[in-house]
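Engineer: Sequence:
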Amino acid sequence: MVTKLHLDALRSDIASVQAMLARSRGRDPMGEMSLRARLQGLEAQLSAFEQERGTKANVALVFDGNPVRGSSAIDANFAGQALQDYQDLITRQMASVSNVDLGVRGQIPMPIKQQSRMNITALVHGSFGFMLEENDDGQQALLETPTRAAVRLVTNLLKGAAAADERWFEDQLPEIDVRLFASLRNFISTLHKAGSTLKLSEKERDLRLTPEDVERAYERTSQVEVEEVENSIVGELLGIVPIARRFEFRTSNGEIISGRVAGSLSADYLERLEREELIGGKGWRALIRTKTVSRPDGRHSSISHILVDLFPT
Numbered sequence: 006m007v008t009k010l011h012l013d014a015l016r017s018d019i020a021s022v023q024a025m026l027a028r029s030r031g032r033d034p035m036g037e038m039s040l041r042a043r044l045q046g047l048e049a050q051l052s053a054f055e056q057e058r059g060t061k062a063n064v065a066l067v068f069d070g071n072p073v074r075g076s077s078a079i080d081a082n083f084a085g086q087a088l089q090d091y092q093d094l095i096t097r098q099m100a101s102v103s104n105v106d107l108g109v110r111g112q113i114p115m116p117i118k119q120q121s122r123m124n125i126t127a128l129v130h131g132s133f134g135f136m137l138e139e140n141d142d143g144q145q146a147l148l149e150t151p152t153r154a155a156v157r158l159v160t161n162l163l164k165g166a167a168a169a170d171e172r173w174f175e176d177q178l179p180e181i182d183v184r185l186f187a188s189l190r191n192f193i194s195t196l197h198k199a200g201s202t203l204k205l206s207e208k209e210r211d212l213r214l215t216p217e218d219v220e221r222a223y224e225r226t227s228q229v230e231v232e233e234v235e236n237s238i239v240g241e242l243l244g245i246v247p248i249a250r251r252f253e254f255r256t257s258n259g260e261i262i263s264g265r266v267a268g269s270l271s272a273d274y275l276e277r278l279e280r281e282e283l284i285g286g287k288g289w290r291a292l293i294r295t296k297t298v299s300r301p302d303g304r305h306s307s308i309s310h311i312l313v314d315l316f317p318t
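The sequence shown begins at 6 in the numbering used here and counts up one residue at a time.
Keep in mind that the hints are not guaranteed to be accurate.
Unchecked claim - Below, simulated DSS-like cross-link-like pairs (lysine-lysine); rule was C-alpha separation at most 27 Å, straight line: (1) K287 to K9; (2) K164 to K208; (3) K204 to K164; (4) K204 to K61; (5) K9 to K164; (6) K118 to K164; (7) K198 to K164; (8) K61 to K208; (9) K118 to K61; (10) K118 to K204; (11) K9 to K204; (12) K61 to K9; (13) K208 to K118; (14) K164 to K61.
Unchecked claim - Quick list of the computed label-pair ranges, beta carbon to beta carbon: (15) S263 to A81: 43 to 53 Å; (16) H130 to T60: 56 to 66 Å; (17) R74 to Q112: 36 to 46 Å; (18) R157 to V246: 19 to 29 Å.
These are calculated hints, taken from the structure and not from any lab test.
Bear in mind the structure is a predicted one, so any value in this text is a computation, not a measurement.
Note that beta-carbon positions come from the ideal geometry of N, C-alpha and C, so glycine has one too.
Given these sequences and hints, build the entire structure.
Structural biologist: Here you go:
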């Protein structure tokens, strides 16, 4: 399993050999033959890696800054905490897109924990880092695994949290799972507290978090509170959009609540509600999860709702 870090290193080696070959041309025939053979080997390796169709998760986390001693050592407490925080991010990202509703304080199911487990398979030098790969079950996946998708989405979260333009992150806050946000905040806090930077490398892309990026991400995540509460509410279901997974509900006191439908309510169930005309005019007890995103100064506060379950009354 290779990352962009490996591909870039190979490309750098190829460029170096090409430069040496240009300098030795016509001066050292034996040395030139050796360099040509080495170049062919590197180019063949790069071509094979570029054509490799990876479907399982692999990512390199390379740290620098205060916890790192050159390319030979890293503070053990920091490394252990940072890797655990990153693992929690992957697990909670997978849980947040699963069709299992966890409730406000529910436990993540063991199958998700097992499927999301990452292993350290190598050390990465040039600073100090770790190569993480998805737990190998011995089977070749034809499509992208949920763990690989989680790695990609977590990279997006980290990139958005640290970006100079805060709009993407602000747009994501009302939708982000509360547990996932807590893990994101913990990981960034671990980097910030230790004075560490991060280079994260997947196969197709790198993400670099400079000291300024880490500081920016820390300020954003530490100054936001995300809270969820669940309430059982009696009223009338006004509308369901199964494909978009949206709902609209009128409470018994006339308040209109709208938002997303939880993954635990299947598309078949939502379509049956619509098909059998069970929407409108009928009483329901709805389990609705309300998420509040707030800041001490009240800036950009928001409230969103998720329909978790329905019971006829």
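Engineer: Which hint numbers does the structure go against, in order from smallest to largest?
Structural biologist: 1 and 16
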